[in-house]
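Asker: The primary structure of each chain is shown beneath.
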Amino acid sequence: MERDSVSLDTRSMIANRLSALRIRFLDVLEIRMTECEALRDSLEAGTLPEADRVGAVRAICFAAHKTVGVAATLGFADLGMLSQRVELAATDYIDRSEPPTTVRMVVSLADDMLGEMALILAEAGR
Amino acid sequence: MRILAVDDDEMILELLSASLGAAGFADLTVASSAAQALEHIAAARIPFDCFLLDIQMPEVDGIDLCRAIRRNPIYAAAPIVMITAMSQKSYIDRAFSAGATDYVTKPFDPVELGARIRLAAKMVESERALTENRSAVATLRAQLERERFVDLNEPISIPDVDAVIDLQALENYLLQLSRSGLFATSIFAFKIVGIETIYASTSPIDFRYLLTDVAEAVSTALRSHERFVSYAGNGVYVCVAHGRGALDLEVIEGTANLIVEEMALTNSRGVPLKFRLRVGSPVRVGLVRAGRGAVDALYVAIENAEQDAPKAEDGRSGEHWSQFRLA
Chain A
3 MERDSVSLDT
13 RSMIANRLSA
23 LRIRFLDVLE
33 IRMTECEALR
43 DSLEAGTLPE
53 ADRVGAVRAI
63 CFAAHKTVGV
73 AATLGFADLG
83 MLSQRVELAA
93 TDYIDRSEPP
103 TTVRMVVSLA
113 DDMLGEMALI
123 LAEAGR
Chain B
595 MRILAVDDDE
605 MILELLSASL
615 GAAGFADLTV
625 ASSAAQALEH
635 IAAARIPFDC
645 FLLDIQMPEV
655 DGIDLCRAIR
665 RNPIYAAAPI
675 VMITAMSQKS
685 YIDRAFSAGA
695 TDYVTKPFDP
705 VELGARIRLA
715 AKMVESERAL
725 TENRSAVATL
735 RAQLERERFV
745 DLNEPISIPD
755 VDAVIDLQAL
765 ENYLLQLSRS
775 GLFATSIFAF
785 KIVGIETIYA
795 STSPIDFRYL
805 LTDVAEAVST
815 ALRSHERFVS
825 YAGNGVYVCV
835 AHGRGALDLE
845 VIEGTANLIV
855 EEMALTNSRG
865 VPLKFRLRVG
875 SPVRVGLVRA
885 GRGAVDALYV
895 AIENAEQDAP
905 KAEDGRSGEH
915 WSQFRLA
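Top line first, the protein sequences correspond to chains A and B. Going by the numbering used here, the letters in the first sequence line up with residues 3 to 128, in that order. Going by the numbering used here, the letters in the second sequence line up with residues 595 to 921, in that order.
Hint data in this document are derived by calculation from the structure and do not stem from the laboratory. It is possible that some hints are incorrect.
[Stated by the list, open to error] Listing some non-contacts, in silico: residues in chain B with all C-beta distances to chain A over 10 Å:
#1 Q650
#2 D760
#3 N828
[Claimed, not checked] A partial selection of chain A residues facing chain B, derived with a Cβ cut-off under 8 Å:
#4 R13
#5 F27
#6 S110
[Said to hold, decoys possible] Derived DEER-like restraints, expressed as beta-carbon distance ranges:
#7 B:S684 with A:A17: 31 to 37 Å
#8 A:P101 with B:E900: 30 to 36 Å
#9 B:M857 with A:D11: 54 to 60 Å
#10 B:A638 with A:D113: 28 to 34 Å
#11 B:Q630 with A:L90: 28 to 34 Å
Note that the structure is predicted; figures quoted are calculated from it, not measured. Ideal placement from N, C-alpha and C gives every residue a C-beta, glycine not left out.
Required output: the full structure, derived from the provided sequences and hints.
Answerer: Written as structure tokens, this is what we have:
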């Protein structure tokens, strides 16, 4: 019983600290979403030279990686999962893994991630 | 407990600070790169007790940083917990090979992280109790360690042998492997036949040397496989090996015995130490045995080795092992 109550105290302390971090995460998410939308648009346009296209996928991969690391811990499990899919697909594209991953697949998964980001921000009144 | 956390993501560092603070670990120093971490380590007047390292960082990654920390004798036994979003087995293998003692994947549960760090704190405490004085010079510590009484059943640390890690670290490694990571994994154990007789007739220092030499023989016999080996006490070495296809344990056993034979081991008075190794029945870990099941398999393998090995030499000590010579 004592152990459970210690655990509850700890959990409530963690929840308090995480709620402050969640607000900061939403600030970061707004910026990240804008950046990823621009990258996604440039990829979808299909006019980028090869090196720039890989650079754009790499930048989306990096943004997704950063999101995977914290989203679920802060209560955004779906965003974490969608970001992980983007990271894995983008990594496969960059590494030219077989079977080949296309830019279209990365963009499609990025759309899912961006949609979830928009939903989270809308629900937070932003 | 003084903790150094290293991650290039500021948000992760804040999450760690919040999680560890709530778990009662407030003495946290953070660094956003390996270079900054090494500066903190060099400037620390009181050594850190524990490290939390992100793997994927620009320039120097967390695995190289782990290796650099381990090279410092002050941190030879400090807990190093790797924290990363990547759960691929190759990263886990590299991290443990570089000296990591535990592994947590992002996103992490703050409560679970606190529990892991409490486990690390226990390691720190037992290490302190063992050495009594952390500021003692390394040679004195090594001497104390060598002369310390060794219990036959104690799973002692065997340092500086390739792919040989502590039993606790091996458990942590298995707990973190995914189901797919466990695919084509074999777990088995070697036992030194007649270990009780050897233990009774050797000094603690000779016994430690013997265990180290045998660990080297076992690890070398398995060198064509991805593997980890741990000493589990009572003359038993438990091995985790990866690779498609069945392992030929008869060949591996013969090779390990050949290496031991060619070492021509003696005690410190020059008396030859003759014994042989017997391998126990392997446990082939199926797809359903991730997590705790894999750790249970470890102990089944240890038990198999205990049961399969004869209690004393059974007249086979004259066997010839030369056919098992490594290429």
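Asker: All the hints need checking, so say for each whether the structure fits it.
Answerer: Each hint tested on the structure:
1. Q650: 7 Å, violated
2. D760: 28 Å, holds
3. N828: The assertion about N828 (chain B) holds, with a minimum of 33 Å to chain A.
4. R13: 6 Å, holds
5. F27: This hint holds: F27 (chain A) lies near chain B, its Cβ roughly 6 Å from the closest one there, short of 8 Å.
6. S110: 22 Å, violated
7. B:S684 with A:A17: 31 to 37 Å: About 35 Å separates the Cβ atoms of S684 (chain B) and A17 (chain A), which means 31 to 37 Å holds.
8. A:P101 with B:E900: 30 to 36 Å: 47 Å Cβ-Cβ, so the 30 to 36 Å window is violated.
9. B:M857 with A:D11: 54 to 60 Å: Distance hint for M857 (chain B), D11 (chain A) holds at roughly 56 Å.
10. B:A638 with A:D113: 28 to 34 Å: 47 Å, violated
11. B:Q630 with A:L90: 28 to 34 Å: Hint holds: Cβ distance 29 Å, inside 28 to 34 Å.
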